[in-house]
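Asker: Taken in sequence, the protein lines are chains U and G. Counting from 1, one number per residue, gives the positions in the first sequence under my numbering. Counting from 1001, one number per residue, gives the positions in the second sequence under my numbering.
Since the hints were derived computationally from the structure, they do not count as laboratory data. One should not assume that every hint holds.
What the hints assert, rightly or not - In silico lysine-lysine, BS3-like type, Cα no more than 30 Å apart, as pairs:
id	chain 1	residue 1	chain 2	residue 2
1	U	K131	G	K1145
2	G	K1084	G	K1186
3	G	K1123	G	K1084
4	U	K131	U	K167
5	U	K328	U	K131
6	U	K328	U	K167
7	G	K1145	G	K1123
8	U	K334	G	K1123
9	U	K2	G	K1199
10	G	K1084	U	K328
11	G	K1186	U	K167
12	U	K131	U	K334
13	U	K167	G	K1340
14	G	K1199	G	K1123
15	U	K131	G	K1186
16	G	K1186	G	K1145
17	U	K364	U	K334
18	G	K1199	G	K1186
19	U	K167	U	K334
20	U	K2	U	K167
21	G	K1123	G	K1186
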Amino acid sequence: MKMPEPDATVLARRREIARALNAIVPGEGVIADRDELAVYESDGLTAYRQRPMVAVLPETVEQVSRILAYCNAEGIKVVPRGAGTSLSGGALPLADGVLLCMARFNRILDIDFANRCVVAQPGVTNLGITKAVESEGFYYAPDPSSQIACTIGGNVAENSGGVHCLKYGLTTNNLLGLEMVLIDGTVVRLGGRHLDAGGYDLLGLMTGSEGLLGVITEVTVRILQAPETARALLLGFPTNEAGGNCVAAIIGAGIIPGGMEMMDRAAIHAAEDFVQAGYPLDVESLLIVELDGPEAEVDDLIARISAIAANCGAVTSRASESEEERLKFWAGRKAAFPAVGRISPDYYCMDGTIPRHRLPEVLKRMAEMSARYGLRVANVFHAGDGNLHPLILYDANNPGELENAEAFGAEILRLCVEVGGVLTGEHGVGVEKRDLMGTMFSEADLAQQQRVKCAFDPDSLLNPGKMFPVLHRCAELGRMHISRGQIPFPDLPRF
Amino acid sequence: MTGIFRPENAAQVVEAVAWAAAEEEPLEVLGRASKRAFGRPVQAGHGLELSGLAGITLYEAEELVLSARAGTPIAEIEAALAEKNQELAFEPPDLGPLLGGEAGAGSIGGVLACNLAGPRRIKAGAARDHFLGVSAVSGRGEAFKSGGRVVKNVTGYDLCKLMAGSYGTLAAMTDVTVKVLPAAEKTRTVLLLGLDDGKALAAMTRALGSAHEVSGAAHLPAALAADSEVSYVREAGGAVTALRVEGTGPSVEYRCAALRRELAELGESEELHDRNSAVFWQEVRDVRPFVTRPERLVWRVSVPPQAGPAVAGALAQGQDALAYYDWGGGLLWLALPPSKDGGHVGLRAALSDCGGHATLVRGPETLRAAVPVFQPQDPAMAALTRRVKDGFDPRRVLNPGRMVAGL
């Protein structure tokens, strides 16, 4: 992975830059010691490591504004960071960049039950929001699996999902407002406690923009009352086709479950060995379907889905009869990543999305690739929305195996695009999928995206080297090649 | 306007916009022109009407996805979805009659470009939340795409969000993909009768803060309830507060009963079943109470739900204002008598404390040219907006002035 060439003149000014930042954020708020910077050298994508030039931990919006204005004036790159749980290298530091850590922005500013929203600083954890409102029966719906650690600011930057997003939406669907600071230090507010703020939907644009457009300093999210009950169904199928058909039949019957997760044989066995969730070991495909709502609804849907599953050839069909049993069904799925970590020294988690009906074909071709690369793969799958998480098993201590795993992963993602899907469903492009963007987007598509970047950050100082494979200068992107000519298609009906 | 281009494919849209950019000839971008009277009037020598780009190109019900050419009639899409018991969950309003035109005349592109949403907005989101993929032609005359045809995707910037609510000022959309969802098996509406605005807000807040997944929460004062086609509403003899519950049979019955029980202290309640519910919520969605009062200016005001009655109260001071609430108090539909400034000064002053935005949805062309139709932005946001526009349409050829003068 090639990152932008470090700027020697900036590197030479490292001490002066640290001093200038210290003038903005006094005391412990600036870290310039090489050893102390080690904790920041990677995020959740640990294959890539880079110590930042300097890290700064501001506490106020004014400090963020002054830091950005200073970096902008001095031409210094900035990488924003929440909890550093990104799985795509979104918070990977730059050798000549300032790492802007938002960890000290960790307060909930307002809980507004009447307007059903929470205003929080960006460093509050995802679960922290639910914890703050659960006494009144409320919760924050998006639940990425890192929710204990990941921050709400990072969730906005990555448009995080979770197992319940088919029914309750992603971050973007649950976000009401933002305050953010632009690279020139300008503070802007988007949205608020009302819906669909007027003007261009910059709130929607910011969500999933991976720290390339602005630094988030405040987040307003909507909260929901938790469902009265939840039950889960555990369904086993003799083939992946049968499991896939069952998912299609459930949705075809007009049912959108609260969660619908699928695991393949390798993932089932790894999970069962690890946590003894009671999964059947003689099936190729396992579905966990969760229904939530009032008891009358949940019981009715459990019966209907059981019948659909039987029709689709389910060989295992069990409905949870208690909360303990429901959690046990989930325990295996939730432990799938560490379970795979137990059977392999390292694993690499992919994140493509495909049109769901192409699943059997994609799994078959993935098995062929697995044989060809000589690397095992286990699959967990957000079945309702087609978001695939293949886990490639490898050993980084074997020379060349990481590169081999990455090549395998890239081939899986190209396959996802080939069948009509996308490179990333919820983990983001970051550095990981940056160089694959061309498989999904044309030069013109990427140029238009970068013109949006130019509107926010004309010198490309915010998180450069992420998302876009080639960085073009804004002046070059803005140029228009005009050829004056005849009025178009004169034979077309116009009146 | 000297002429209207009616391209029949995306290549012809590129050709038309590239010509406009080269000649610096502004284009008025239209889908099927049903909402032409919405927004500021556009000064353009030519029109670019996308009605020739019509037809559903992909519909996979079990994948919850539909793609169509941008000019496809929304009615055609809704009919195709209905055959599979599905729908656009954001419940797009049909503003045609409100704007003095026909019903059912809009296009999917127009619905998305205006980011419309009906009463279900509070539960299911707006058009933006269902907009998965787009192909469009920028004001540079260049075709580009964003998003995809799967419901979960974070690959690159979400330009669909930018297209939604941009009123054709950034790009001319040629193809769109939307998320579709199963239609509810059963719908019921709990009606609470005779509540004043404050009590109605309290009732809606309790209902929306419950676990009963209320998918519509509206309040009509007596004068407007009396115009409903639904007899229970029309003959209520007072204000009507409505709470919609949708889903499977047993679930809807349970939640309806629970709501009536929990809100019993507020007085008597009624219940509308499927058919009456459909009629009632369509009236709320399409602003029917103001269709029959064509002389009035109509404002759409989005505020924090708890601020709804206070904003309405401030506006009613000393003038003949009519108002009703949707979105649990967060959406205020307001009808004012004609005036020179359209009431925009007072309206925007009323929003300064609570936050929110007001849009002039219906008014004479001269008024829409003279007062800010959309909520004015502070200087930082206005500058950012201008730079975003420059990134798509540096020569200002697509719908110039539609949203803001000079943009």
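Asker: Does each hint hold? Answer for all of them.
Answerer: Hint by hint, here is what the structure shows:
1. K131(U) with K1145(G): violated (40 Å)
2. K1084(G) with K1186(G): At roughly 15 Å apart (the allowed maximum being 30 Å), K1186(G) and K1084(G) satisfy the hint.
3. K1123(G) with K1084(G): Distance ~22 Å between K1123(G) and K1084(G) Cα, so the pair holds.
4. K131(U) with K167(U): Judged against 30 Å, a Cα distance of about 21 Å means the pair holds.
5. K328(U) with K131(U): holds (22 Å)
6. K328(U) with K167(U): holds (22 Å)
7. K1145(G) with K1123(G): holds (29 Å)
8. K334(U) with K1123(G): holds (28 Å)
9. K2(U) with K1199(G): Answer violated: K2(U) to K1199(G) is near 62 Å, above 30 Å.
10. K1084(G) with K328(U): violated (36 Å)
11. K1186(G) with K167(U): holds (18 Å)
12. K131(U) with K334(U): holds (20 Å)
13. K167(U) with K1340(G): violated (47 Å)
14. K1199(G) with K1123(G): At roughly 22 Å apart (the allowed maximum being 30 Å), K1123(G) and K1199(G) satisfy the hint.
15. K131(U) with K1186(G): Since the Cα atoms of K131(U) and K1186(G) sit roughly 34 Å apart, the hinted pair is violated (cutoff 30 Å).
16. K1186(G) with K1145(G): violated (38 Å)
17. K364(U) with K334(U): holds (25 Å)
18. K1199(G) with K1186(G): holds (28 Å)
19. K167(U) with K334(U): Holds, because 19 Å separates the two Cα atoms, which is no more than 30 Å.
20. K2(U) with K167(U): violated (39 Å)
21. K1123(G) with K1186(G): holds (16 Å)
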